[in-house]
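J.: Sequence:
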Amino acid sequence: MRTLVAGGGIGGLATAIALAAQGHRVTVLERHDTFAEFGAGIQLGPNAFHALDRLGAGEAVRDRAVFIDELRFMDATTGRQVVRMPLTGAYRERFANPYAVVHRGDLYQPLLDACRAADGIELAPGQSVVRYDQTEDEVTAYTALGDRFTADALIGADGIRSAVRRQLVGDGEPRVSGHTIYRSVIPMERVPEELRWNSVTLWAGPKWHFVHYPIGGGEFLNLAATRDDGALEAVAGLPAERDHVIGEFPDIGDAARRLLELGEEWKTWVLCDRDPVDVWTDGRVALLGDAAHPMLQYAAQGACMALEDAVVIGDLLVGDGADVVPRLEKYNAQRRDRTARTQLIAREMGSQLYHPAGAAAAARNDMLSSLTAEDLYDKVSWLHGARESIEGEVR
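Just so you know, we're using this note's numbering here: the sequence shown kicks off at 1 and counts up by one.
Honestly, I wouldn't trust all of these hints.
No farther apart than 16 Å at their CA atoms in a straight line, the calculated lysine to aspartate or glutamate pairs in the EDC-like style are these [claimed, not checked]:
{"hint": "1", "residue 1": "K207", "residue 2": "D278"}
{"hint": "2", "residue 1": "K330", "residue 2": "D251"}
{"hint": "3", "residue 1": "K267", "residue 2": "E248"}
{"hint": "4", "residue 1": "K330", "residue 2": "D282"}
{"hint": "5", "residue 1": "K379", "residue 2": "E348"}
{"hint": "6", "residue 1": "K207", "residue 2": "D75"}
{"hint": "7", "residue 1": "K207", "residue 2": "D229"}
{"hint": "8", "residue 1": "K207", "residue 2": "D228"}
{"hint": "9", "residue 1": "K330", "residue 2": "E348"}
{"hint": "10", "residue 1": "K207", "residue 2": "D113"}
{"hint": "11", "residue 1": "K207", "residue 2": "E248"}
{"hint": "12", "residue 1": "K267", "residue 2": "E241"}
{"hint": "13", "residue 1": "K267", "residue 2": "D243"}
Read the hints as simulated data drawn from the structure, not as lab findings.
Start from the sequences and build out the full structure, keeping to the hints where you can.
T.: Structure below.
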């Protein structure tokens with residue numbers, strides 16, 4: 001089968017690997033002039049590692065990852081720990097894989113290396129897909145350079161502002177969440193030793209929260225501070241002055257403030273997502289990852305869902321392409337409910353867990369502090385469960 005993948009991000013490269021493993025020839029059309037991943041830290045649940053293992057990239061990502069001991073939820077106004085979820089021992093035994101954090105590049109590079117090593121994958125930089133058309137037998141993608149590529153199937157993995165989705169779904173611009181996030185990465189050597197925690201730590205305040213965790217093999221600390229400020233306009237990667245960032249979090253407690261003040265070269269984004277949709281396919285065309293189900297970062301599952309998508313679509317697209325259409329429809333049906341639930345849970349976490357104030361925050365703290373580790377594992381089992389998310393669906 002000949003397959004086109006629009007987008008050379010994490011989801012697009014993972015899809016190319018999964019399809020090439022079936023013996024297909026894959027061309028990845030990437031709009032940038034180079035294949036590279038932008039951004040900072042990313043969290044990977046056990047379900048992501050199960051998908052990475054299926055793709056043959058699990059060990060390479062593990063070599064670059066930081067395996068953290070726990071997720072910690074702190075009340076930022078009091079400085080007290082509300083609840084912790086241990087991620088060693090019983091957690092790893094239950095979910096059959098670790099929970100880890102990496103720099104986005106440390107996830108992307110093993111996928112890129114695998115694509116470059118595969119005989120059946122062609123990487124085409126500088127080719128931004130702008131539209132497609134299809135016949136009963138094939139699909140053609142047209143790029144901004146005026147080139148055309150024809151194949152048996154087209155997978156739109158071109159992100160939240162996907163041109164493939166624009167034609168296929170036609171639901172306009174992404175939904176602006178009204179949340180502004182500031183990100184910085186600092187050398188760990190600048191962090192006081194007593195604050196070098198091997199955890200993902202979240203400080204929840206009134207209409208804001210602050211997350212930090214180690215990346216780069218523990219050599220760096222990833223900082224991400226978010227305000228529910230009602231922002232109306234999407235921005236991505238704009239520089240932000242250090243004093244402005246610190247001034248956005250006036251009520252932050254001492255320990256969190258010490259870390260926030262270490263941040264340098266801050267960049268800012270206004271977070272966006274989309275409502276879930278039922279149909280991601282149009283004949284020989286299907287969406288994947290953020291093009292299909294973009295979500296807020298609050299469930300830490302955006303990349304994980306894209307990796308799962310890639311494995312499932314690789315398992316389903318077998319043979320010579322004669323039955324591409326029903327197989328893509330089956331992929332859509334099998335992934336739709338799980339990813340929609342994750343999209344909506346991510347929104348709810350932002351509003352109900354991370355940003356309440358006053359009595360609502362106190363009620364949240366009471367609820368969370370009453371949960372045991374086993375209770376917490378039960379709550380995330382549908383999401384972090386590794387094998388159920390992939391093999392269970394394909395069967």
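J.: All hints are to be evaluated individually against the structure, with a verdict given for each.
T.: Do the hints match the structure? See the list:
{"no.": "1", "hint": "K207 with D278", "result": "violated, 31 Å"}
{"no.": "2", "hint": "K330 with D251", "result": "violated, 49 Å"}
{"no.": "3", "hint": "K267 with E248", "result": "holds, 14 Å"}
{"no.": "4", "hint": "K330 with D282", "result": "holds, 12 Å"}
{"no.": "5", "hint": "K379 with E348", "result": "holds, 14 Å"}
{"no.": "6", "hint": "K207 with D75", "result": "holds, 12 Å"}
{"no.": "7", "hint": "K207 with D229", "result": "holds, 8 Å"}
{"no.": "8", "hint": "K207 with D228", "result": "holds, 5 Å"}
{"no.": "9", "hint": "K330 with E348", "result": "violated, 28 Å"}
{"no.": "10", "hint": "K207 with D113", "result": "violated, 41 Å"}
{"no.": "11", "hint": "K207 with E248", "result": "holds, 11 Å"}
{"no.": "12", "hint": "K267 with E241", "result": "holds, 9 Å"}
{"no.": "13", "hint": "K267 with D243", "result": "holds, 13 Å"}
Of the numbered hints stated above, those contradicted by the structure are hints 1, 2, 9, 10, listed in ascending order.
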